[in-house]
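*Asks:* Letter by letter, the chains look like this.
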Amino acid sequence: MQRVCGICPTSHSTAFLDCVERGMKIDPAKKVKLLRVIELELERINSHMLWTGHMANILGYKMLFMFFWKEREHTLDVFEKITGGRIHHNFSKLRSARFDLTKDMENFMLRKLARVEKKVKGYLKTFRSDSIMKARLRGVGTITKDGAERMGVVGPVARGSGVNIDVRKHIPVYRELGFEPVLEKVGDSYARTLVRLRETLQSIELVREALSEMPKTRLPKWGSFAGATFESTGRSEAPRGEDFHFIKAENGIIKRAKIRTPTFSNIISLEGMLKGREIGDIPVILGSLDPCFACMERVMVVKDGKAEDMSEEEFRRKYVGNNIPSVCPTH
Amino acid sequence: MSLTFEALGNLFRKPFTRKYPKEKVPVFRRFRGKLEYHPKKCIGCKKCVAVCPSVAIRFIRKGKIEFNLTQCMQCGLCVDTCPAKAITWSTDFETAGSDREKLVVK
Ligand code: SF4
Ligand code: SF4
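Residue numbers (this note's numbering), protein chains in the order written: chain X, 116 to 446; chain R, 46 to 151.
The reader is advised that the hints may include incorrect statements.
Not everything, but these chain R residues come out facing chain X in the computed CB check (under 7 Å) [as the list claims (entries may be wrong)]:
1) 57
2) 58
3) 61
4) 121
If you are wondering where the hints come from, they were derived from the structure by calculation, not from laboratory data.
All C-beta atoms in this analysis are idealised placements derived from N, C-alpha and C, irrespective of residue type, glycine included.
Same shape as in the complex, but just chain X (with noise of 0.2 Å):
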């Protein structure tokens, strides 16, 4: 399930797998659920690091763009050292995790947790300050509270707007951990922007928590998904809202899955955004959705110039062909 996404690889595997422990019934560790917040937490600043400085990149500030990318490089870094992959980090298992963490990689992920927030901190002080980027930002796309909620936007966006709405305050373990939603009121490009920022602030204050939290013992054994008969939902927050996953297994074969990324969601707003505003409104407000492909795409099958309309067994037969593992992967 980490090959949905390049950019939020853990959140789908965490989806999937809160999935497949509901529906097996499995309860796993507060070790592993703590791990998964640290994973999910370091992806969230990875991945906001990176739509800031795309952002900085839309609005004409190449050097802010290179700053923010060249912070990034250090939770890779961090990452690599604990997972073994930059961007694919294959780090849950069902019921527990790969590895553990050893105190040279806490240490090490500390160390350049508070480098990364020193300049996050410096750079959201230029975000709040510069005239150039409110005159650019404020304003632009705004869609209300009232809006936001009746399009059913998730994540940031909806955030920006002041709608409380956020997958991981229905999670016990980030509720333990202290977990707040962050909210800005206005609903516009500024607003969004100063969410994420914030975010990855708070972001870097969980992973501490809950290192500071994590308890000494051993990880469980990783369980197995063989012969497994469910049909089950699951759902984690990734960077850019709410992913949802359903799966439904017969004898530890998936018969059907179904994901509902996030920005599925959100792109759905782009129409009421959009109205009204300039040509060369269109790349920030587009921009400020965090718009992301891989979350987007869907199959559609043109031929004459004329789409296609089939069901999934005649889409099966045609294009895919027998050619589909039989076994599941456990993430």
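Given chain X's structure and the hints, the job is docking chain R with the ligands onto it.
*Replies:* Positioned in the frame of chain X, the structure of chain R with the ligands alone reads:
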């Protein structure tokens, strides 16, 4: 303002990027690079073939298995599953090339 200072400071610092082909990038110990197969340890249980989600493993006989790295996605399931620890990771990440045959680990 602070940005200006940082930018000016960067004039006097070393470049952050590395001159890659000349200068090797160090990787951490857990890094997942190419797979390595140790035929002597293999007991021929075929578990790795069953578990691989991208069907990258071809079983010929005990002690002779081919891993097609063009299909492998470095998920690590085979490494975790192998009961005899006959598959391990190396830290070699330079898999780009023009010859597909080089990407088959035997
Ligand atoms: S790492 Fe994953 S994809 Fe690659 S050969 Fe092993 S099981 Fe298959
Ligand atoms: S799982 Fe390990 S021991 Fe079994 S066939 Fe594969 S390489 Fe050999």
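*Asks:* With a cut-off of 7 Å, does the beta carbon of residue 121(R) approach a beta carbon of chain X closely enough for the hint to hold?
*Replies:* Where the cut-off is 7 Å and the nearest Cβ of chain X is about 6 Å from residue 121(R), the hint holds.
*Asks:* Using the nearest Cβ pair, does residue 61(R) come within less than 7 Å of chain X?
*Replies:* At 5 Å from the nearest chain X Cβ, residue 61(R) passes the 7 Å test, so the hint holds.
*Asks:* Answer holds if the nearest beta-carbon of chain X is closer than 7 Å to that of residue 57(R); otherwise answer violated.
*Replies:* 16 Å, violated
*Asks:* Please verify that hint: residue 58(R), Cβ, nearest Cβ of chain X, below 7 Å or not.
*Replies:* 11 Å, violated
Comparing the model with each numbered hint stated earlier shows that hints 1 and 2 do not hold.
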